[in-house]
Amino acid sequence: MKRLTVIGSVNVDHVFQVNQFAKPGQTIHCSHYSIHKGGKGANQAAAAARVSPTNFLACVGDDVPGQEQLDELKELGIDVSHVESIESLNTGLASIQIDSKGENSIVIDAGANNALTPEVLDTHSECVASSGYSLVQLETPINTVERLACLCKVNNTRLILNPAPAQHLSPSLLVNVYMITPNETEAEFFTGIKVEDERSMEDAAKWFHEYGIEHVIITLGAKGVYYSQQGKLSTLICGYPVQAVDTTGAGDTFNGVLAACLAVDYAVLDAIDLAQAYSAIAVTRAGAQTSIPSPSEVNAFVQQEKIGAYN
Numbered sequence: 001m002k003r004l005t006v007i008g009s010v011n012v013d014h015v016f017q018v019n020q021f022a023k024p025g026q027t028i029h030c031s032h033y034s035i036h037k038g039g040k041g042a043n044q045a046a047a048a049a050r051v052s053p054t055n056f057l058a059c060v061g062d063d064v065p066g067q068e069q070l071d072e073l074k075e076l077g078i079d080v081s082h083v084e085s086i087e088s089l090n091t092g093l094a095s096i097q098i099d100s101k102g103e104n105s106i107v108i109d110a111g112a113n114n115a116l117t118p119e120v121l122d123t124h125s126e127c128v129a130s131s132g133y134s135l136v137q138l139e140t141p142i143n144t145v146e147r148l149a150c151l152c153k154v155n156n157t158r159l160i161l162n163p164a165p166a167q168h169l170s171p172s173l174l175v176n177v178y179m180i181t182p183n184e185t186e187a188e189f190f191t192g193i194k195v196e197d198e199r200s201m202e203d204a205a206k207w208f209h210e211y212g213i214e215h216v217i218i219t220l221g222a223k224g225v226y227y228s229q230q231g232k233l234s235t236l237i238c239g240y241p242v243q244a245v246d247t248t249g250a251g252d253t254f255n256g257v258l259a260a261c262l263a264v265d266y267a268v269l270d271a272i273d274l275a276q277a278y279s280a281i282a283v284t285r286a287g288a289q290t291s292i293p294s295p296s297e298v299n300a301f302v303q304q305e306k307i308g309a310y311n
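Read in the UniProt record's numbering, the sequence shown has 212 at position 212, and its numbers run on one by one without any break.
Rather than coming from a laboratory, the hints here were simulated on the basis of the structure.
Certain hints may be false.
Claimed, not checked - Okay, derived cross-link-like pairs now, DSBU-like style, lysine-lysine, Cα gap no bigger than 30 Å in a straight line:
(1) Lys-101 x Lys-223
(2) Lys-153 x Lys-74
(3) Lys-101 x Lys-153
(4) Lys-206 x Lys-223
(5) Lys-206 x Lys-153
(6) Lys-232 x Lys-194
(7) Lys-101 x Lys-194
(8) Lys-2 x Lys-153
(9) Lys-101 x Lys-23
(10) Lys-206 x Lys-232
(11) Lys-194 x Lys-206
(12) Lys-223 x Lys-306
(13) Lys-306 x Lys-232
(14) Lys-2 x Lys-194
(15) Lys-101 x Lys-74
(16) Lys-74 x Lys-2
Note that the structure is a prediction, hence the values are computed from the model and not measured.
Work the whole structure out from these sequences, hints included.
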C-alpha cells in the first residue's frame, strides 16, 4: 500500500475571546484565552492519519511549540521524519481575536513555514515519489507548491490541491493537479463565477477542467459538496445534518480524510461520503485537531444516520 504525503503548514493558534476588537492605542481584557495546535498542513495530516498511513513534510521552529506539535503528530502514527526543524525561526503562529458576534481578526507570523522552500522539498523528493497521493494547501510558499506539482507529475503521484487561502495560481501549476477542492468563495476567486446553484457550480468546475484537472470538488459547508469528474459525472452530494459549534477545522478534516481514503483505494464518491461524515462530527466540537473524531465514532455516526434515514 502506498502512503499519503501531506505537505503544509504548522501553526500555534493563540485565541482571545473579546467583546469587541481593540482599537488603535487601546488595551482591552479578553474573557477567555486558549492555545490550539493548528496550521492547515498539520490539521490535514492529523485527519488523514485516522484512515491511512501518512507522511508529513513541513518546517517548524527549533522551539517548544514545534516539538510539541511533532510529538502529538507522532502519537497519531504520522511519519514526521520529513519535518525540518529550523534553528533561526519560530514555529508559525497566529494571534486570533474573536468578538461577541463570532467575527475574527487574525495576525499571522508564518515563521518556519516560509522555510519550506523548493530546495528543502527536493531533499525529500523520495517521499513524494513513493506516495500514491500528495495533498498540499496554499499556506506553503507558492514556488514550493509549483515544484511539488512538477515532482508529482514526473513520479506519477496524484496531487490533490486544497487552494486555501486563495491566491493566484499559474496555468503551469494547475495543469499538474489531479484533484482540486475549493470552497464556494475560493471557486469564485479563481473562476470569477459566483457559486450559488448547480448551474454555476457546473460552470466553475468546467473552468478547472479546462486545465486538465480531472476531479473538482467544491465544498459547500452545511449544504454538502459538488463533485465533477471531467467528461463523466457531476453531482451535488448532501452533507450530514448536524448542529455546528465550531467550523474551524471542518475543511481541513474533510480534505485530510478525502485524500487518505483515495490513498487506500476508496472510490471517489465513497471517499467524499466518509470525509463528510468526519467533518460533520468535527463541527460539533471546538478546535481544529482536537475536533477530529476517531474511526469508531464515525462508524457509529454513519450507522445511526442510516438507521434514521429508514425511520
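Taking only the CA atoms, is the gap from Lys-232 to Lys-194 under or equal to 30 Å? 23 Å, holds
30 Å Cα cutoff - pair Lys-101, Lys-223: 23 Å, holds
With the threshold set at 30 Å, check whether the alpha-carbon distance from Lys-206 to Lys-223 stays at or below it. 21 Å, holds
Given the hinted pair Lys-223 and Lys-306, is their alpha-carbon gap at most 30 Å? Roughly 18 Å between the alpha carbons, so the hint for Lys-223 and Lys-306 holds.
Quick one, are Lys-101 and Lys-23 close enough, alpha carbons at most 30 Å? 17 Å, holds
30 Å Cα cutoff - pair Lys-101, Lys-153: Status violated; Cα separation ~45 Å.
When you check the alpha-carbon spacing of Lys-2 and Lys-153, does it fall within 30 Å? Within the cut-off at roughly 16 Å; holds.
Are Lys-101 and Lys-74 close enough, with their CA atoms no more than 30 Å apart? 37 Å, violated
Lys-306 and Lys-232: Cα distance at most 30 Å? 28 Å, holds
When you check the alpha-carbon spacing of Lys-2 and Lys-194, does it fall within 30 Å? 38 Å, violated
Holds or violated: are the alpha carbons of Lys-206 and Lys-153 at most 30 Å from each other? 22 Å, holds
Has the given pair, Lys-153 with Lys-74, been kept, meaning a C-alpha gap of at most 30 Å? 29 Å, holds
When each numbered hint is compared with the structure, violations occur for hints 3, 14, 15.
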